[in-house]
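So the protein sequences, as listed, match chains B and F. Quick note on numbering: the first sequence equals residues 1 to 395 in the working numbering. Quick note on numbering: the second sequence equals residues 1 to 402 in the working numbering.
Everything labelled a hint here was simulated from the structure, so no lab data went into it. Among the clues, some could well be false.
Said to hold, decoys possible - 25 Å max Cα-Cα, derived SDA-like pairs, lysine to any residue:
id, chain 1, residue 1, chain 2, residue 2
1, F, 305, B, 132
2, F, 98, F, 134
3, B, 91, F, 86
4, F, 305, B, 278
Computed from a prediction, not measured in an experiment: that's the story for all the values here.
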Amino acid sequence: MSSTQLFRLMRKTGAGAFTQVCVAGLGTAGCRVVDRIGGSGVHGATFAALHTHRSVLDRCRVQTRIPLGEESVSGGGSGGSVELGRKALEKDIEMVRGLISDCQALILVAGLGGGTATGGLPVLLQAAKGAGVFTAVMLTMPFAFEGEGRQRIAEDGLRAIVPLADFVATVANDAVHGGDDKQIEKAMAYGLEGLAAGVCSLWQIVAMPSLLALDQGDLRALHLLSGTACQFAFGMATGSSRATDTLASLLEQFPDVKKRLRTGGGALACLCASRDLLLPEISDVLVPLQEGMADSGVFRAGVVLHESWRDRLFLAVFTAEMRRKVTPTVREASGSSRKPKAKRSNANRVAQEELKLEGATAPNQGRFGRTKATILDGEDLDIPTYIRRNLSLDQ
Amino acid sequence: MDPVVGLEIGTSKVVALVGDMQDDHTIAVLGKGESSSAGVRKSEIINMEVAVPCIRRALAEAERMSDVAVHEVVVALSGGHIRGNVYPGVTPVRGEGKTVTEDDVEDVMELARTVPLGDDRDMLHTINQLYTVDDNDGVVNPVGMVGHKLALTVLGFHGSHTHIGTLERAVEKSQVDVKDIVFGGLASALGVLSPEQKRNGVVVIDLGAGTTDYIAYGDGVICCGGSLGVGGDHVTNDIVHAFGLPQSRAEQVKREHGMAQFSVLDAAPEIYLQPEVGYQGGTIKSRALHTVIHARMEETLLKVKRRLAGDDVLARAGSGVVLTGGGAYMRGIEELGRQIFGVACRVGRLGGDARMGGSCAITGPEYAVSYGLVEYTLRMQLQEGGKDSSFLSNVVRHLLGR
């Protein structure tokens with residue numbers, strides 16, 4: 001079966017649009033990303049943070065926070081032990097089942113190489129699989145300076161994760177934090193912004209009707225096509241030339257994307273914007289990508305409109321290599337008039353400054369703050385009901 | 001028969017009840033000990049040091065009132081860690097002429113109850129449901145029937161090994177032995193239901209301070225049950241959070257003014273709160289208070305309903321829903337229950353199976369669990385002692401499968 005046929009089949013057999021999505025972060029990196037999303041006041045999904053480290057969880061501004069392995073690690077983290085991470089998840093798997101009991105899709109984000117996420121993710125995915133929940137996983141791989149040992153742990157972890165999930169995307173920390181600004185805090189903030197937006201794009205692909213059809217069937221098909229993890233790349237920008245700037249920022253930060261497109265695997269591009277998006281802007285971003293794709297490759301593209309993107313354009317590209325070895329069809333990208341500008345504007349910096357996510361106050365769990373959370377049907381019931389339901393009190 | 005003691009270590013209070021079975025098989029409550037609880041959250045002991053003195057106080061008071069020396073107790077267990085699952089067992093019929101014998105029944109019970117649980121889980125009860133002989137399902141007693149295959153489903157209640165061990169340790173530190181541990185939801189049902197209600201189908205919901213336990217009867221057997229780690233404490237906590245009240249004052253406001261269903265006619269527009277140390281006093285609007293309480297109570301009952309819906313229980317609940325626990329005192333709770341479950345809903349009364357006697361009068365729904373523990377233990381003793389082959393004894397054997 002050709003890859004195109006596979007895509008068609010997946011689209012036919014894919015379920016309808018999801019309504020209940022849980023976006024969960026596991027481990028320190030995962031918690032930071034969901035904190036970024038959930039803390040910005042975005043609604044429409046259950047946002048949850050899971051960690052063996054209590055203090056990281058306490059800083060997380062999401063309503064559902066699940067402490068793991070309280071009995072084994074006493075809230076002090078797994079110390080990088082994959083075994084402890086796995087046991088912590090196994091011990092508290094009932095809370096996880098409660099979290100996903102009411103959702104049809106689970107978007108997971110985590111950083112590999114540590115203990116909690118690397119050890120816990122396979123357990124979590126197994127539980128989700130058992131519950132029939134669609135799973136899409138976004139993973140960061142360690143920085144090069146973290147050493148080969150950590151890299152090896154991450155790669156071993158990835159091998160265990162890929163067969164259990166419906167879709168897996170990875171991105172190297174070195175690439176994700178590679179914005180214009182090399183100053184550590186700004187680089188980290190930019191990377192976090194990109195990851196958060198990437199996770200949001202996955203969420204919106206599976207949860208919301210997109211303008212150009214793109215759904216979980218496309219994600220699953222890409223996963224089946226590659227048989228391994230896809231690579232995630234992103235670009236974002238604001239301003240009058242935001243379309244070309246967005247594409248330029250992606251290609252500059254992730255130069256591999258061009259090469260991967262040319263080698264004829266699969267690619268899925270999702271352009272996220274608010275409702276003021278113009279048709280020419282869609283062309284400016286998506287056409288060059290499609291033109292850069294090898295003839296044998298499969299390219300799927302979609303547009304997600306949501307007011308939370310405001311004046312920002314965000315482009316998420318997931319690329320996959322063919323499962324079977326194929327002879328790459330090398331050809332130069334055509335000389336399209338819509339070729340992105342060679343010189344990049346300050347798009348990244350503008351996006352970062354204007355799109356700072358506002359903090360939300362941590363929910364008050366009162367006397368239950370230090371007890372094991374009551375997680376049922378994806379909700380943390382220790383948080384007052386009137387808050388979770390957004391009921392206004394006439395005081 | 002010796003008196004027995006039921007002990008409920010709840011989130012808000014510890015209750016010890018001493019009971020005895022009289023000659024006419026009614027239960028006499030001889031004494032009651034009660035003390036405020038500490039170190040317990042969501043029905044789970046989180047601080048042994050402060051929990052044990054509370055248990056001791058309740059036991060000492062029960063001993064004083066009943067004049068019975070307490071050496072062992074039957075303890076109630078609740079908490080969100082408790083799960084109720086149905087497990088099947090199937091065996092070929094080996095009796096002569098393919099007639100089901102007692103041995104076949106023993107075999108299938110053994111098979112159904114052999115449940116692989118992880119090291120971190122302990123089985124509390126395995127309760128027989130109904131038998132199936134070939135294609136004939138819903139069989140109560142298959143002995144004598146003819147068929148090739150005998151099947152049985154059992155409802156198993158299991159809980160966290162850690163929590164059960166901690167509970168046992170806390171009781172032992174209070175210088176009494178643990179005779180048995182019973183799921184609180186089951187005890188509550190035994191405490192308030194009549195045989196007729198069980199036959200008709202009924203749901204019992206125990207609205208405790210730390211947890212909400214539920215158990216349902218359908219087709220004459222216990223068909224499902226469980227425990228949610230949410231209760232009256234959550235209502236209080238919501239009030240604390242919404243109005244910035246101290247915990248004790250929020251609890252008082254809940255008890256005195258709380259309504260599960262808001263009615264403008266029944267409530268004053270504003271509630272005046274006297275100042276006290278650490279709180280400067282003030283007023284809160286009734287409507288705001290009841291928005292907070294209603295949201296929580298409605299959510300809790302809806303969570304229970306969601307867990308019942310899978311088993312099609314409500315359609316078979318001819319006797320409706322019975323509410324117990326301290327939360328059953330909440331005004332408007334029966335009306336809210338009726339709206340949510342779509343069946344009759346009422347607050348349970350103790351001693352559904354037997355007339356109560358003795359020197360100690362207890363009637364409130366908050367004693368359903370402790371009274372149910374006494375009833376459970378006495379009925380079990382009666383059955384195991386072989387002194388009785390009455391219908392009631394058979395019912396206990398059938399329902400509990402042990």
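Review point. Hint by hint, which ones does this structure get wrong, listed from lowest number up?
Key: Going through the list in order, the structure violates hint 4 alone and respects the others.
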